[in-house]
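Trainee: Following the hints, put chains B and C in place on chain A, whose structure we already have.
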Amino acid sequence: MNHSLLFRALLICVPLAIGGCGQDSGTDTGTSTGNQSNAEGVIVDVSDPNAQFVPVLSYRTGAYAPNGTPVANGFTDYLKLINARDGGINGVKISFEECETGYSTSRSIECYERLKGQGPTGAAVFNPMSTGATFAITEKAPVDKIPLITMGYGRSESRNGGVFPWNFPIYGTYWTAADILITHLGNINGGLNNLKGKKIALVYHDSPFGKEPIPLLEKRASMLGFELLSIPVTHPGVEQKSAWTMIRKEQPDYVLLWGWGVMNSTAIKEATGVRYPRDQMYGIWWAGSEPDVRPAAADAVGYQAISMVSSGQAQVHKDILSYLYDKGLGSGEREGVGEVLYNVAIINAALVVESIRTAQSKYGDKPLTGEEVRWGIENLDITEETIEKLGLTGYMYPLSLSCSDHEGKRAARLHRWNGESWEYSTDWITADDSVIQPMVRSASDTYAKEAGIPTNACDS
Amino acid sequence: MGFFVEVLISGLMAGVLYSLVALGFVLIFKASGVFNFAQGAMVLFAALTFVRLLDILKDTFAPITLALIITIAMMIMLAIAIERLVLRPLVNQPGISLFMATLGVAYFLDGFGQTLWGSDIYTLDIGIPKGSIFIFESIFEGGVLVAKEDLVATVIAGVLVVTLAIFFQKTRIGRALRAVADDHQAAQSIGIPLNYIWVIVWTVAGLVALVAGVIWGSKLGVQFSLSLIALKALPVLILGGFESVLGAVIGGLIIGSGEKLAEIYLGPYVGGGIEYWFAYMLALGFLMFRPQGLFGEVHIDRV
Amino acid sequence: MFYREAGQFKTSYKADQAVFPIFQDKIFVAIWLFIGFVVVPMLASEYMFRAIFIPVIIMALAAIGLNLLVGYCGQVSLGSGAFMAVGAYAAYNFMIRVPELNPLICFLLGGLSATVVGVIFGIPSLRIKGFYLAVATLALQFFTDWTFSRIDWFTNYTPSGSIAVQPIEVLGVVFDSPIRKYFLCLVFLVIFTIIGKNIVRGRIGRAWMATRDMDVAAEIIGIRPVYAKLSAFAVSSFFIGVAGALWAFVHLGSWEPLAFDINLSFSILFMVIIGGLGSIVGGMLGAAFITLLPLFLNQLPVWLGINISTAMISHLEFMIFGALIIFFLAVEPLGLARIWQITKEKLRLWPFPH
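Protein chains in written order, with this note's numbering: chain A, 1 to 460; chain B, 1 to 303; chain C, 1 to 354.
Here chain A stands alone, though its shape is the one from the complex (with noise of 0.2 Å):
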């Protein structure tokens, strides 16, 4: 009796693991990590106890992996790069260990508990790379002395580092992205009291992620008068019939969509389905890479996001090329990088390191702690030099950081797809702070007060 079971047993586990192995080479699916002698110096052991650790919370995998695996693709290549090419940052080189979420909060978290004591010093900063994952993270950050990086996502009050000294939305936040979207729609209706009796609609996905921006739209519709009609769409996003034929019946002016994932392209076929113009669909950032578009095909044409960074190649990517891609070095396909989130993610990969060198400026050339990352991190100064040496020009902006502003700068642009890429099709639009300014106060100073915390961390 018990043979036969163990025979069942494994009936059901060798397929398993040929399936499993054979895999790897058999298309070109697979990320391995190529040869070992190769991988020398690239690929730092998160034991050594010379090296940064950087803990990586990535989904290659579930619902949100077509999005998910060119940001960690980006992220990881860029932090191999400054091994390999700079052999670490001022000779310290960078360990890191990849965890799988899934684009779930519960598994953030436990990924967060896991790297974060890994390393000699420590996780030197996370970027949790989900809105809902930065919330629960944003808890237990200050107790364990890790600082966050949550790069266009997360938080939007948490730019206040009075109240959040370990959060860093650089690059914008929710309410930054929403505000420069709808100076958009006023700059090219002539003006922001042109959008009076205007119909805005939201389409957004029913997470932490999607209902961020309601605060900011909703103020801004009492302030110019324009009609905001918000539409939530269910995880994962692929039901959205009826979303779009409430936007058939309500034919509003014009559409953000809020969306990740899957979301994006079916909102965009939706959208094709009910004869809405694509060209007055407004993409949030993460709503506006390849992946959104692709599926859609043709019916892309016309559709605009605001961008952090668009797609495109420059020195840095030539770079990660020739050290490690020529090499067999490369966490992705080839043809993956200079996309626009895989570019986001060399940009935010980018900030980290930098954040690391400017710790390393005041604490000295050695693996260094959340702690003190976190004040490189507040007095990140990137000029124009720093990401001409990067070689990042013209993909990254100048920025510096405060106690009081964890944000950096609220500016960006918007890129349209034109059927085969991404293009910028306006200028830089910055968003108004004074109307963000008091909103984050208030929103920080009812945080504070819910949790008993001070306010006033920039005054020590």
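Keep in mind the hints are simulated off the structure, nothing from the lab.
Here a beta-carbon is modelled for each residue, glycine too, at the ideal position from N, C-alpha and C.
Be careful, since some hints might not be right.
Keeping only pairs whose Cα atoms sit at most 27 Å apart, straight-line, the calculated DSSO-like set for lysine-lysine is [unchecked claim]:
hint, chain 1, residue 1, chain 2, residue 2
1, A, K449, A, K219
2, A, K199, A, K219
3, B, K130, A, K249
4, A, K249, B, K148
Computed footprint of chain C on chain B; a stretch qualifies when at least three of its residues, placed anywhere within it, have a C-beta under 8 Å from a C-beta of chain C [as the list claims (entries may be wrong)]:
hint, region
5, 80-94
6, 136-144
7, 154-167
If you only want the chain C side, here are some residues facing chain A, beta carbon under 8 Å, derived [what the hints assert, rightly or not]:
hint, residue
8, T11
9, P41
10, A44
11, Y47
12, N93
13, I151
14, S162
15, Q166
16, E169
17, G253
18, S254
19, L258
20, I313
Mentor: Frame of chain A; chains B and C shown alone:
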């Protein structure tokens, strides 16, 4: 009025697609009493296999046909593997264990499909027309806008349903399937090979999954979320009854139109996004009157 | 040999009806309690508390709760995540709206709210059976998902719908460190296990089991199905609701409605099935197994020094998880609890198997 009809039609068309997924459940439940939760994963797996093969075979003389043949072969192999490794060892287990086992199959297939074919989003274009057209322009002012994709999908789904009905009612294998569904032991005693029948049923369910996957995939792109559409088919299933092909169709139409109408006309008053639970509540409401679904078989418990 | 009942005579009904009638069982339980309360706190690292022990304990509580419903009363529910959500959100609302309440009382009130919802959604079970009921319970799952993300009152008008809570404070003790949280959860688990164990071996539990085995027959011998089924829903959702409150307040600390989605419901059901239907200890074993398996599979390549991408690891994890579930069901449909029982039998006879 025109708009109401438009919502209704879009709901009915969505409903037909739900029926298509629900059909897969019904087939398997009818013939083996298994509540197959892996149907959604099978949809994903079939669509992924098909779309990736299309890509690999794109330089051959007939990529679609070849990809279709290989995919069908894989679905048959899958059916055999499931029969061998899941159904046979679990024969005579309570329904809940089998249900759980199919959840295991679903997990396995989700992982296996993505290992094999990748987890990106893949565009599937097999020539289903895109865009939308106005119909009934003479009856309603402004006409009724429908997406061509949905129309084509509805036609395909309709044809498939009719084919399956004929298959079940008129062919030899169909009769054998119904015999097995009625009484396993009696069917076996008159010489119907049970294991063989199971393989056939799972294969047919796999083919239904393939059709559903291709239709949904060409609408949405082939990616992981396809496996979640199983959840949209469940209310259809309980509303129509687990054993009834006709029930799956009628159930799909009721659920599809009900949820869309509710979302458009009730949704705005309560904040929107109600269609997910509304479908279940609607089905639950029907169940309170007919606990075995509209067309399900009435089971009489005897002590 | 090790597990011999010989010589243990029951001289009173009371002794015969004890929870652990066998002396060795008492020792076993004592050892487990000793490990739980003394050994683990001394040895475990912070990560182990946060990522392993606390989730396992809370999930064990939820699994025991669901087992009362599925394993003992035979009503399959796919809505456990919803009950956990109700427990969590209700506890949160009691806490912020009535700040003077003791947090533990809020947890229990959260559980009671789940009970109310459970009884309401248990009513269909009087008419609907089997898988129809299972699917119907999904209605509750999706309904709560929607309610807590759409009705802002429940989240205290937080714009993002994400709730953050501070460490709870009971009688001056702040439960902020992992070890304190661990003790809190463990105490909850022990108390609820005792309650659960005693319910199922009492009149109510027997009524449930009769209903499970054949509800028509149960009705004939005088068990009111309304009473049996609804009480099962009530008790089960109370347990799950309390587990939900603990999960939110103690484990997560900050959560959004998606934290209690359908995947959570499925994994609790997995725990019950893998652990063993109709067994209290099964719930615990199942919770440990299902919580630890993904962590283990995830870490295995690292331990073995194999270098494969995280995507591959998590796909393999899916596959192995699925395969193991099928394997377990095929090998031991009665779950880990049954294996535990067989081990005990073996120990009884060892070293002479006949």
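Trainee: Determine for every hint whether it applies to the structure shown.
Mentor: Hints versus structure:
With a CA separation close to 23 Å, the supplied pair K449/A and K219/A stays within the 27 Å bound. Restraint check for K199/A and K219/A: the C-alpha separation of about 14 Å stays at or below 27 Å, so the hint holds. A C-alpha spacing of about 21 Å is found between K130/B and K249/A, which places the hinted pair at or below 27 Å, so the restraint holds. In summary, the hint linking K249/A to K148/B is supported, as the alpha carbons are separated by about 19 Å, within the 27 Å threshold.
Chain C is given as covering the region 80-94 of chain B, and this holds because 6 residues of the stretch bring a CB closer than 8 Å to a CB of that chain, at least three being needed. Here's how the region 136-144 of chain B fares: 0 of its residues keep a CB closer than 8 Å to some CB of chain C, so the rule of at least three is not met and the hint is violated. For the region 154-167 of chain B, the proposed coverage by chain C is not satisfied: 0 residues have a C-beta within less than 8 Å of a C-beta in that chain, short of the threshold of three. A least Cβ separation of about 40 Å between T11/C and chain A goes past the 8 Å threshold, and the interface hint is therefore violated.
Taking 8 Å as the C-beta contact cut-off toward chain A, the hint placing P41/C at the interface is violated, the least distance being around 18 Å. About 13 Å separates the beta-carbon of A44/C from the nearest beta-carbon of chain A, more than 8 Å, and the hint is not met. At about 6 Å, the closest approach between the beta carbon of Y47/C and any beta carbon in chain A falls short of 8 Å, and the interface hint on this residue holds. For the restraint placing N93/C at the interface with chain A, the shortest Cβ-Cβ distance is roughly 14 Å, beyond the 8 Å limit, so the hint is violated.
Taking 8 Å as the C-beta contact cut-off toward chain A, the hint placing I151/C at the interface is violated, the least distance being around 12 Å. Checking S162/C against chain A: minimum C-beta separation of about 4 Å stays under 8 Å; hint holds. Because the beta carbon of Q166/C sits about 6 Å from the nearest beta carbon in chain A, less than 8 Å, this interface hint is met. Residue-level restraint check for E169/C is violated (minimum Cβ-Cβ distance to chain A is 11 Å; threshold 8 Å).
Hint status for G253/C: holds, given a least beta-carbon distance of 5 Å to chain A, under 8 Å. Because the closest C-beta pair between S254/C and chain A is about 4 Å apart, less than 8 Å, the hint holds. About 6 Å separates the beta-carbon of L258/C from the nearest beta-carbon of chain A, less than 8 Å, and the hint is met. For I313/C, the interface hint holds, the least distance from its beta-carbon to any beta-carbon of chain A being 7 Å, beneath 8 Å.
Hints 6, 7, 8, 9, 10, 12, 13, 16 from the list above are not met by this structure, while the remaining hints are.
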